[in-house]
Amino acid sequence: SQQGEEDPQALSIQEGENATMNCSYKTSINNLQWYRQNSGRGLVHLILIRSNEREKHSGRLRVTLDTSKKSSSLLITASRAADTASYFCATSGNQFYFGTGTSLTVIP
Amino acid sequence: KAGVTQTPRYLIKTRGQQVTLSCSPISGHRSVSWYQQTPGQGLQFLFEYFSETQRNKGNFPGRFSGRQFSNSRSEMNVSTLELGDSALYLCASSAITDRVGYTFGSGTRLTVV
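Line order of the protein sequences matches chains R and P.
When you number the first sequence by my numbering, it's gap-free, plus one each residue, and the end is 108.
When you number the second sequence by my numbering, it's gap-free, plus one each residue, and the end is 113.
Quick caveat, the hints were computed from the structure, so don't treat them as lab data.
A virtual CB, placed ideally from N, CA and C, is assigned to each residue, including glycine.
Hints are all accurate, no fakes.
Derived coverage of chain P by chain R (criterion: at least 3 residues anywhere in the stretch with Cβ under 8 Å from a Cβ of chain R; other residues may be distant): (1) 32-43; (2) 82-94.
For lysine-lysine, the following DSS-like pairs were computed, each having C-alpha atoms within a straight-line distance of at most 30 Å: (3) R:Lys-26 with R:Lys-69; (4) R:Lys-69 with P:Lys-57; (5) R:Lys-56 with R:Lys-26; (6) R:Lys-26 with P:Lys-57; (7) R:Lys-70 with P:Lys-57; (8) R:Lys-70 with R:Lys-56; (9) P:Lys-57 with P:Lys-13; (10) R:Lys-70 with R:Lys-26; (11) R:Lys-56 with R:Lys-69.
Let's have the full structure, built from the sequences with the hints guiding it.
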């Protein structure tokens, strides 16, 4: 079965608001990565957080990792219409698994 | 530098036929992985190759096979196509094998009719 599950499945916000997506996983991991996918295209790597890290920032992105709860969150601050896409978490342990994705719509 | 190149971009095949998809990784990348993406199942891992060796295989039937060449280019083959094989097939490459920072291609959209 898939390793990661994102929540919510779909999110719609106004431009300028913050967007938070959550990811839960099942087994121990080496690292957790977040990817973005525009409709029908390949995935773009956003950020990686290692299992011994708790928080990481990259531009408007903030990722947290709680290994005790086996969960991670991705926060996009000051969202823009161009952030509209699907966002996936991916966990790397013995294999590499993607979550089910959160579809984010940012309304201008 | 050039990204991950997948060919063809779109493909329509008839049920029962076979298909071969190609992936050229970023120059210098030796790890290539394949994923199937469908609306119902999301992204499902197919295989992972490193230096011409299959390192991992997902839970797909034997109709799905792959290989990697000495130049790191990879192909995947699906025989006896079924309607349910219609999907976006994504290839990802990485310089190393600890699955850090994959670069994905734009995918091959396969439609089986």
